[in-house]
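Start from the sequences and build out the full structure, keeping to the hints where you can.
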Amino acid sequence: MDSPAPVVRKQRKRAKRPQSVASASEECGKQQRHAELCASEERDKQQRHAELCATLGGEDASVRRLEELVFGAEERLADTLAQDNRAPLEDDEVCSVSSEDSEAHHRRRAVWEDEEDELEEEIDMTHRFRRDLKKSEAETKMTKQKLQQRLKDQFQKAMGGAPMWAEQDHRRLRKGAAREEEEEEEEEEDLLRRTGNFIGSSHTLPKGTIKIKKCLDANSESPADSKLTTVQFHPSAQILMTSSLDHSISLFQVDGKSNARIQTVHLEQFPVSRAAFSADGQQIVATGWRNKLFYIYDMMEGRIIPVTNVRGLNEQKVSDFQVSPDGKYLLLFGSSGFLHLMSSKTREVVRSMKLNGNVCAAAFTADGSKIFANSEEGEVFVWDVQSSKCVKRFEDDGCVRGTSLALSRDGSYLACGSQAGVVNIYSQRDCLLDLEPKPQKAVLNLLTAVTSLSFNSSAEILAIGSRHADEANRLVHLPSFTVFSNFPHFQKKTIFQTQSVDFSPRSGFYSVANNKGQALLFRLLHYNDF
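So in numbering that gives the first Met the number 0, spot 363 of the sequence shown is number 362, and the numbers just go up one at a time.
Please keep in mind that the hints were generated in silico from the structure rather than gathered at the bench. Because the structure is a prediction, the values reported are computed rather than measured. Idealized CB from N, CA, C, for every residue including glycine. Mixed in with the good hints there might be a few duds.
As a list, the in silico BS3-like pairs of lysine-lysine whose alpha-carbon atoms are at most 30 angstroms apart [claimed, not checked]:
#1 369 with 291
#2 316 with 388
#3 213 with 151
#4 133 with 143
#5 133 with 145
#6 133 with 210
#7 515 with 256
#8 327 with 391
#9 353 with 316
#10 145 with 491
#11 440 with 133
#12 226 with 143
#13 143 with 210
#14 327 with 344
#15 212 with 515
#16 515 with 213
#17 206 with 440
Pairwise CB distance ranges, derived in the manner of DEER restraints [said to hold, decoys possible]:
#18 288 with 349: 19 to 29 angstroms
#19 386 with 132: 42 to 52 angstroms
#20 334 with 126: 42 to 52 angstroms
Here's what the structure looks like:
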């Protein structure tokens, strides 16, 4: 009963073969119809998407690429990208503009723009907490940045300089800057050696900070045993002269490096009050503290000439004087307000002038035609040299007691110093024409009596100093009437008490005589010549 079974299954299989062929054909038909249906649906989708893009504003390149990627057109997309990569850039400017446009497109725009954001905020300086930070009554408003700098400067001044923790970050920068300055100075010195008597820099001196370098002391080979009373540069040679209370007058060859001593003249029992070169630079005139005796040192002959008696001079003591620009006269300061004009040739008084009070300072104008003098009572007198007449008289604005006076060589400025430390700067023209001239600027940077005033040759700098306080020395920029912020250095004392100041003929050097017997020497890097 088991054997027939396979026969039956074999017959059943043979009977089913026609059914499987028919079903396969039906399956193929179904797949073909499904593929056609899918293709039809895909075409419908593409058509609907195209209509939607047209409705929204058309097909741009990015939309078309996105459509092809979504709907399976990989080959056409690959061909398009390959063509884009092979296409050369025809214009760099177009490329840069498109990138800028793209940047601008992606950059977010501010919701609100306030025009006042661009304006600098101003601080009210009349508030009682900020009054001490003002340098003058005119400073009623100040920007926030300037106030911050003012507070920083005040802090450093109170601390005796910047603290160590603040200096550490800037040491490397300062070393690099110093190295650059040395290289610039070497280049300038090479230029001086090649060009000789060069006129100087063609551009004007900028305000704010001054390019200045401390050099070896001018009298380092022979410092004085007592405080210096005078420092002066020779009018034409590269020579500096010093005088001291140790009875000496010394001459030095100034180069900023070795400053070799040329000669020292000792005047027995004669502490020198003041010394000055003659107009031609061939002689040195020296006065003392005790009597009317003065000396003339002839440098050409190496001879010391004592002048014991001056005809027409009825004074017990002559300690100060001025040399006229043409060299014809010496203006001797007498007592009781007298000024005596002595002939350099005959050594006799040819004219005398008198002002109210005691004379504290006087100076010749650049052409030598007039004399400006101020009294201890705070009055300024203008005298005509030829007629000995007082052509103008006015009060120094706000001055109670005058101490010093200086005139610029170009005839632009008059500077008057006072006991209160104030320096009034006038226009020489206004002083001669106006009935009551007013100062163009009152410099308030000194706190003790102003005893030294000097303009440089181009009238771009006014040096002011006081012998009554250490480091009381400033350089004022003209015509902005602002003080250079980087001189002197406040980290350590270098100047001490200023006894006398002077600039070299072309402003390449600045020298300060102090109470330590030193003639400090500074190189002004803005000026190319001695």
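Hint check results:
The suggested pairing of residue 369 with residue 291 holds, with an alpha-carbon distance near 25 angstroms, which does not exceed 30 angstroms. For the hint linking residue 316 to residue 388, the alpha-carbon distance of about 25 angstroms falls within 30 angstroms, and the restraint holds. Simply put, residue 213 and residue 151 have alpha-carbon atoms about 25 angstroms apart, close enough for the 30 angstroms limit, and the pair holds. Note on residue 133 and residue 143: the hinted pairing holds, with a Cα-Cα distance of about 14 angstroms set against a maximum of 30 angstroms.
For the hint linking residue 133 to residue 145, the alpha-carbon distance of about 11 angstroms falls within 30 angstroms, and the restraint holds. Taken as a hint, the residue 133 and residue 210 pair is honoured in the structure, with Cα atoms around 26 angstroms apart against an allowance of 30 angstroms. With a C-alpha separation of about 21 angstroms, the suggested pair residue 515 and residue 256 falls inside the 30 angstroms cut-off, and the hint holds. A threshold of 30 angstroms between alpha carbons decides the hint, and for residue 327 with residue 391 the separation of about 23 angstroms falls inside it, so the pair holds.
For the proposed pair residue 353 and residue 316, the alpha carbon gap of about 16 angstroms is at most 30 angstroms, so the pair holds. For the hint linking residue 145 to residue 491, the alpha-carbon distance of about 25 angstroms falls within 30 angstroms, and the restraint holds. For the given pair, residue 440 sits about 16 angstroms from residue 133 by alpha-carbon distance, which is consistent with the 30 angstroms threshold. The suggested pairing of residue 226 with residue 143 is violated, with an alpha-carbon distance near 45 angstroms, which exceeds 30 angstroms.
This hinted pair checks out: residue 143 and residue 210 have alpha carbons roughly 27 angstroms apart, not beyond 30 angstroms. Proximity of residue 327 to residue 344 is assessed by CA-CA distance (about 7 angstroms); at most 30 angstroms being required, the pair is judged to hold. Simply put, residue 212 and residue 515 have alpha-carbon atoms about 20 angstroms apart, close enough for the 30 angstroms limit, and the pair holds. Of the pairs offered as hints, the one joining residue 515 and residue 213 holds, with about 17 angstroms between alpha carbons and a cut-off of 30 angstroms not exceeded.
Under the criterion of a C-alpha separation no larger than 30 angstroms, the hint pairing residue 206 with residue 440 is consistent with the structure, at around 16 angstroms. Judged by the Cβ atoms, the range 19 to 29 angstroms given for residue 288 and residue 349 holds: they are separated by roughly 26 angstroms. A hinted range of 42 to 52 angstroms for the beta carbons of residue 386 and residue 132 is consistent with their spacing of about 51 angstroms. Taking 42 to 52 angstroms as the suggested C-beta distance range, the pair residue 334 and residue 126 conforms, at roughly 51 angstroms.
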